[in-house]
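Undergrad: Chain residues, written in single-letter form:
Number of protein chains: 4
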Amino acid sequence: MVIVMQEGATDAQIQNVIDKLIAHGFDVHRSTGSAHTVLGAVGVHRDFDHRDFELLEGVREVMRITQPFKLASRQFKPEGTVIDLGRGVKIGGPDVVVAAGPCSVESREQMFAIAESVSKAGAKILRAGAFKPRTSPYAFQGMGEPGLIIMREAADKFGLFTVSEVMDPSQVEMMGNYVDIYQVGARNMQNYHLLRALGEVRKPVLLKRGMSATMEELLLSAEYILFGGNYNVILCEPVIQKLSHLPMWADPSHGTGRRDKVPPMARAAVAAGADGLLIEVHNDPEHALSDGAQSLEPNTFTQLMAELRIIAPAIGRRMA
Amino acid sequence: MVIVMQEGATDAQIQNVIDKLIAHGFDVHRSTGSAHTVLGAVGVHRDFDHRDFELLEGVREVMRITQPFKLASRQFKPEGTVIDLGRGVKIGGPDVVVAAGPCSVESREQMFAIAESVSKAGAKILRAGAFKPRTSPYAFQGMGEPGLIIMREAADKFGLFTVSEVMDPSQVEMMGNYVDIYQVGARNMQNYHLLRALGEVRKPVLLKRGMSATMEELLLSAEYILFGGNYNVILCEPVIQKLSHLPMWADPSHGTGRRDKVPPMARAAVAAGADGLLIEVHNDPEHALSDGAQSLEPNTFTQLMAELRIIAPAIGRRMA
Amino acid sequence: MVIVMQEGATDAQIQNVIDKLIAHGFDVHRSTGSAHTVLGAVGVHRDFDHRDFELLEGVREVMRITQPFKLASRQFKPEGTVIDLGRGVKIGGPDVVVAAGPCSVESREQMFAIAESVSKAGAKILRAGAFKPRTSPYAFQGMGEPGLIIMREAADKFGLFTVSEVMDPSQVEMMGNYVDIYQVGARNMQNYHLLRALGEVRKPVLLKRGMSATMEELLLSAEYILFGGNYNVILCEPVIQKLSHLPMWADPSHGTGRRDKVPPMARAAVAAGADGLLIEVHNDPEHALSDGAQSLEPNTFTQLMAELRIIAPAIGRRMA
Amino acid sequence: MVIVMQEGATDAQIQNVIDKLIAHGFDVHRSTGSAHTVLGAVGVHRDFDHRDFELLEGVREVMRITQPFKLASRQFKPEGTVIDLGRGVKIGGPDVVVAAGPCSVESREQMFAIAESVSKAGAKILRAGAFKPRTSPYAFQGMGEPGLIIMREAADKFGLFTVSEVMDPSQVEMMGNYVDIYQVGARNMQNYHLLRALGEVRKPVLLKRGMSATMEELLLSAEYILFGGNYNVILCEPVIQKLSHLPMWADPSHGTGRRDKVPPMARAAVAAGADGLLIEVHNDPEHALSDGAQSLEPNTFTQLMAELRIIAPAIGRRMA
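Chains as they are written, first to last, in our numbering: chain C, 5 to 324; chain E, 5 to 324; chain H, 5 to 324; chain P, 5 to 324.
Hints may be right or wrong, so weigh each one.
Said to hold, decoys possible - One-sided excerpt, in silico: chain P residues whose CB lies under 8 Å from chain C:
1. Ala27
2. Gly29
3. Val32
4. Ala276
5. Ile314
Think of the hints as simulated: they come from the structure by calculation, not from any bench.
A quick note: this is a predicted structure, and the numbers were derived from the prediction, not measured.
Backbone N, C-alpha and C fix where the C-beta goes; we use that ideal spot for every residue, glycine too.
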């Protein structure tokens, strides 16, 4: 922590701040400039409210130095995390991995048709929701466990892995029978009971960023999972950054909300360096029970995959 | 729903849209202008994705008419909801009600000292957290049920009601033994499992707006609770609006994050018409385990209450 | 400036940063902690791009200490700026001053009618636009100089001062014949040619904050005017802060955009400590040529002024 | 315009709204549903404040149908605008055109060195500023006309076109001697005096979107220029949209602000369909007088151009 005193701060005010820092266990370095005195407070105190010092007399500004997250930081694992799903599919390595499928599981016929077409087009993971976080209590809330059973069978038949959203700690154990990756939706990014429950399993977790959450808040939510001992976290976030060693995916379907904007954003994400994509594909978007408007038809998805195979090598990567 | 066709949309395109509207059960009114054809679709279909029509050929824009929430709307209860806590304390009527107390329950001594001072200053409700939604897994997470026991005793001794945050459906039943109002924090505004659980109890729920949530999203979250049969919902939100019949509170402590900005915002909220305030007060802010920086000292709180007693009558209200 | 090196930064990297700081004329203080080395760079270099240091090898973060504005800062004039318009009207002192009037000058009849009613209700300044920054080229663009002549006559007849928006450096001299305060609109907050021209006059300037501008950007725009030698700057900004010694007004009409929300926001601004208000009032809002929807009728304005007279004393102020 | 009446609106209220619409010259279509009456108002009134109707008794919501811009809309020119600079360089056609160069003109040596390297790498346009809109009055404000003379000579020597920022109407005529494209910066997007002046010339204008401006506001600013008779407008905007027939560029240097993030964003923009890019390149970024931190070194720029040549064909385009 660095504390900048106001111009004209008195010696007594400066000494008061120093005393409090020492009382909190910090080593203090004092630097006296022509205009300002600056105090450097060295020591690791992750649970520390720097605002307590901002309110002391004579203090102008307090800046945190130690990042509040540790396990999620790039320094913790400079070489980057690679998550091995098996059968040669690795997330966070040179390959760009695509998860595709409908917003919701609706029926056995639907899931098998979509699984077949996305598998042929090159997706490695089948995505679909069985529990849906709907803004309105009047909207379709998902098929629940019967939907997960269908999804697992469809994935197995076409050699795909599965990812599906978990909404509540009470669902974690049951869902582990069906999914290879747990997805945490944007609205649950700070549902700490859920994050703690996912820290106790060992399957990968795809963690989406909340609407207005900062990158730091996303990484602190990841830290909850990592802190529980589950190191297989994938971040899902439109802006590509390199603050963390965790793999980073993009979700152009929810990022745009309209079918015609999904391919441009998907191409942009791969060109910018995303490790993977989450794309909604439906065999009959007009009759989808949810999010049909942002689902690609299978032909458009196949065309998009062909475009991505041209783009990925521009930055030394390839589509899984 | 109103559908505006593009200039130059063909008759076949217009007929296609009309056919689909009828297939969804809408009555259709067609209006042909010099530049645009406009289709009015009448009927109530709350779970309807208007984007499905935006993607049809020849459509320029689709506008929803029916509000997606019903029970939370002003039309549902034009006279406004008044929640009677008992002993003459009513939320949503002419009185402005203040809930005050520390961010977290820390100890018996702390809670009794604070309860005594806020009660003397005119607060009617004691607020304090026993379960804390902390951004970092390394931060103090609250005392849990032992904290609630202390809070209840302190409130009872000084004739106060209680409000405290609930974070997970598994806590609802137990907390009902100690709190008079359940608080749902901003991060849980769209935790639908929690909202459904609170729809099944009959105690009031104070629902805070998520950081980037719209007023419509807040009201849809309220709708989850109302739909379960619990009509005692209080909204907590910085901007004062009149879309809903539900009482509206302000939280200047979390809205500003710094002690010196709390009184101006509290005065502003009452001047603008808030039905209540949630204010953090601590007897020893410097040593608070959380949020000390935004907690008022008892003297400042007493002074603020005196200012509010001058302001409330300017709009025909009074402090409870 | 404070430079935090990465964990594991080498001695050579640290020395390289130190060398560059010295080359830029800074005094350097080095502080070596258990995890990080921190370099304090002391000296005043307002035109300095701290990003140049962020890109050096081994650097984790660079934080600026010296505020980029000087003349606008609270330290420059701790006692606060008071602008004396004459005849006992002072902006920034204990009185809260109200400027009221129509969005646009439309006619002689209109201006005289409005000037009379706002004067009776207690406003001290007449506001109206003769040059209108309209988003659309098809909208009414204002009456120009003939409008200013009318405005001046109406103000003089009822003992009011005048404020009106200036849009281009070429208008500054001419407008000086008619206005007592120049207003710079939100869209022109960073029109530096205009700000420089206003630094050369000595009449007060009311500077509005741009839609997405930070408080720091607003103060830097004020700095352009102050730097030219004109110290009479009033800031117009919804959030009340105390970073600067300049008086701070609120504009509830443009802040809300709807007539029914203007009084609550006006009351809130005074309760929070605003030094003045800018309020749109029209004698016939339904036929106003611009912004009728956010203009108060004279009766509502009179009622609002009465409410404000109750609120101001709650914080030791009074309406001018 | 579509006006939705409240549930329970009276016949008198509905008739009052109809009367006012007719008085404003609209044709009115009335549609009576089970819950709401909807009024369709047909006619073209671009300068119309729909809020005036929102405030009438019994009205719930008013929705605009006619877009407020006309000349900038896709319908006005469905085939898209192509701007021919000459010598085979066309903006808005199949080729992706790159403008590159330093933030500011600093010296003759600098401009010739940079012009040579960006020309070799494949840029067709030289960009550099001679008038700089700096947030702080203490920052370097640009070389002015002498800088433009240098820029023109450097461009001519290496067969490049030029683009440079214009800040004030008084500069338009003089700058026409040196630049092939006028650039309007984000801070001047709503400087209407400047936009009108640029409507009167016939050289292309590159119009950047203001920080918080909506796409509609950007297109209305373009409309000012088009309305003056200058149809050669290029929009510069991070999000790619298809509301308009005007060519759309991206500015990854200012979009990101840091050198290491420029190539990912540049690749993303081309992958998403941008018609051109504006990229800051400096031969000695460490000593640049402005924005060195976001300027690419010539080698990095050459490498980026090679990557873009791989990406563009993925969507049927090529680098100019």
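Undergrad: Can the hint on Gly29 of chain P be confirmed by a CB-to-CB distance to chain C that is less than 8 Å?
TA: violated, 35 Å
Undergrad: So, as I understand it, the hint says Ala27 of chain P touches chain C; can you test that by seeing if any CB pair is closer than 8 Å?
TA: violated, 39 Å
Undergrad: Given Ala276 of chain P was flagged as interface, is its beta-carbon under 8 Å from a beta-carbon of chain C?
TA: At about 4 Å, which falls below the 8 Å cut-off, the nearest Cβ of chain C leaves the hint on Ala276 of chain P intact, so it holds.
Undergrad: Minimum Cβ distance from Val32 of chain P to chain C below 8 Å?
TA: Status violated, d = 32 Å.
Undergrad: Can you verify the interface hint for Ile314 of chain P: is its Cβ closer than 8 Å to any Cβ in chain C?
TA: Because about 4 Å separates Ile314 of chain P from the closest Cβ in chain C, which is inside the 8 Å limit, the hint holds.
Going through the hint list in order, the structure does not satisfy hints 1, 2 and 3.
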